[in-house]
Amino acid sequence: MVGSQDTHLKMELKKLIVETCRKKVAPETISDDAVILGSDSALGLDSLDVLELSVALKTRFGVRIVDSKDALRVMKSINALADAVQPE
Amino acid sequence: MSNKGVNIIGIGAVSSCGAGVKTLVEHIREGLDSTSLVSISPSIPERFKVSFIPGREEAVKRAKTAEEFIDAVILKAVNEAMIQAEADSKFLKDCALIIGSSGFILEAEIEYRIKNLSPKSLIGEQKGETMPAPLARLGAGHIASRIARRLGINGPVITITTACTSSANAMLAAGGMIERGDIKKAIVIGAEFISAVTVSGFNSLMLLDPGGCKPFDADRRGIQMGEACAAIIMEKKEKTSKDRYSLCGWANLCDTHNVVSSRLNGASAYDVMLKAIKQVGIEPRDVTAIKAHGIATPDNDTAEAGGISLLFDGAAPPFTALKGYIGHTLGACGAIETAAFIGCLDAGFIPRTFGFSEIDPAIGIAPLKTHLDAKRGYYLLNFFGFGGNNTSLVLRYG
Amino acid sequence: MDKRKDPVYILSASAVGPNADATAAERRVLKTDPESCDFQDIVRQLTMHDFRRIGHFSEISVTGSQIAIRRMAHPISPNTGIYFSTGLGEVKKTVSMFEQVLGHEEGLVSPYSFVNSVSSTTSFYVAKAARIESRNITVSQEELSFEIALRLAQTDIEDGTVDCALAGGADELSHPRSEHMRRIKLEDRQIMGEGSGWLCLGKNSRNAIGELLMVKEIPAPECLCRGNGDVLSEWLNVAADAISPWITEHEKTYLLPGFRLDKKHIEGLLNRLPQAEIKNYLKYCGCFHTAAAFGIASVFDQPHSEPALYFHVNSNLYGRTMVVGVRAFPAQP
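Protein chains in written order, with this note's numbering: chain Y, 1 to 88; chain X, 1 to 398; chain U, 1 to 333.
One thing to keep in mind: the hints can contain errors.
Part of the chain X face toward chain U, derived, beta carbon under 7 Å [what the hints assert, rightly or not]: (1) S102; (2) G103; (3) T162; (4) N252; (5) A315; (6) H371.
The set of hints was computed from the structure by calculation and includes no laboratory data. Model, not experiment: these values are computed from the prediction. By construction, the Cβ of each residue, glycine as well, lies at the ideal position given by its N, Cα and C atoms.
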């Protein structure tokens, strides 16, 4: 099933983000469609976090993020990220 | 003309162009590409243009100790500078030695590979004990101690590790110590050797351009890794016969905006350049040309160009960047780019920016596309680094 | 004695040990190699900035520098240079980078690890926490790193390059000991340590807690070059000669021996300087390259009722020795 429909996958992604970026946030409080990048966003992740997550995603899920434009597209929200990890 | 500062009386260099300042200047004059295309990691399919010191891959493989390779390169640059300065072992005795490097990770890497590939064949291993090795992180200072001992230097020994501004700050520290009278002379060394770990690190930050760097270009994508070693001998301004080049001003500031990039509006670049020229007592209009840092990442070149535009109020002097010729040599760039620039001035020209072809409309100013005739005057040399560490030096020629 | 320039005063000091101890009451004598403490919560309390990504080494450094700043009687000047020093820098992050890149499965390096291992990163975080954007230098010269950084700070204040200076040193340890001994050679009897020490310096004597008297490299014994003669005796003479001109009748004098001095150095110095007493700080922080920073800063752990002189002496494995002298002022009523 497509990633954004997979509740289990989305929780795994939330835990990965919190752990990787060392945020003091409970994963279950992160909403699936909220913006996660940018200082105004729920998680306030910046470009260095995006890079760290890119490496974590590659290692854990084999998702390859080519450049920063790609990263911004893929990490728009948990739903977008889940779809990139599990397109079907 | 200012009477401040310290004289530069000898320079030596080893870079991707080969050994010697003369070779380096010829490569720059002719616009020769000294890069090699290499694979930087088994997990990264692309190959990257990097500026290796010629013969280094063989030398690194052959070296029984990391020291063998690293010291050979450093001493080559030092010897060339000493010949130009007419310096002998007596000269060195009360000289200071100041090394700038972001660290000698290659040394640890060579040791690591030697240990992992053949743990039983370490030199000096007896009764199952392994020889203590320099480490993965890295008492960077032990290299300076070792080199000082080999050269018979009894003056102060200092290693400065501020990432890409390391050897620029080493020059700044030496200048200050000589001007204050703490020491009469110093050998400043900038040394940096490409390591798999460092290249991997830059790649993980998506800061590399596999095709080589294009400073200030509309199509610039990132850094070209390089390695080099340069030695610059400085002494107190006493004799007038050797004062063709002097380091007459310097400034170092820390921009706390972001650990990997500078303020995009150019304010940090502006601040440090202004402080350096104020120290000399000159105005922006007195600057003949600028040797920019120009690492060719989208953000850093924008920031630097922004600073230049701000400082010179729309009337920027000629500016140029050297990293297309020798790569970004990180901690060594202060010394090697100063040596290269002085070498070019000596040969009669201000070098163009290799790798630049098209102006970026968002920046609005372009570096040199052709060499210019060298002129007597003040030259601003910029070096900006990770951790917001920014340094500008003022070189007086003539 | 050196020609005196305008005095450089010590405006505050902080010494943070391996147990996150920062005051006299918190100091504990180390019986064995300590484990690293978690400084995340401490850093969070000390600074408003988001420092979640920084490594342990940077955490120790930010903690020490922030405590020193908070102990100042007045706000820190914007023209305060930061003179940071470390022998080994961010050991653990660099080791993990090596494992990531050169390990059995040669893989991608973590951007956080890489950025944390860069030599200018820690002094960046120190500056960011302090909101200072002035001169910022990091010295890495093994056992003499802090002394050299302190000397650069002193001379920059003396000639007006900066108004004030935040001079500090920090190092972290790593386990197992056998691995760490490849980085810092210690004797079996020596405990490895970590921590940081900081001095805020300036020209204004108002509210100063002490004075920086001298930072000096003493010449190596000439007989070392000749290859004959009594190296120890010559060393002791030169070291004592550097210290004795400062000693007065009405000030207690203490020696702070660094971790490369052994029993014969220490006893020999005491013989030549009978007025001096030993203050052993290494038992609280363990041995690390910038332990001198901890040692010198820790003399200000408690207010003094009378002025006192402290001389820190340490050598490196290449036979170079540096002496740092400070005077502690009696506490203001």
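Status of the hints after comparison with the structure:
no., hint, result
1, S102, "5 Å, holds"
2, G103, "6 Å, holds"
3, T162, "4 Å, holds"
4, N252, "5 Å, holds"
5, A315, "27 Å, violated"
6, H371, "33 Å, violated"
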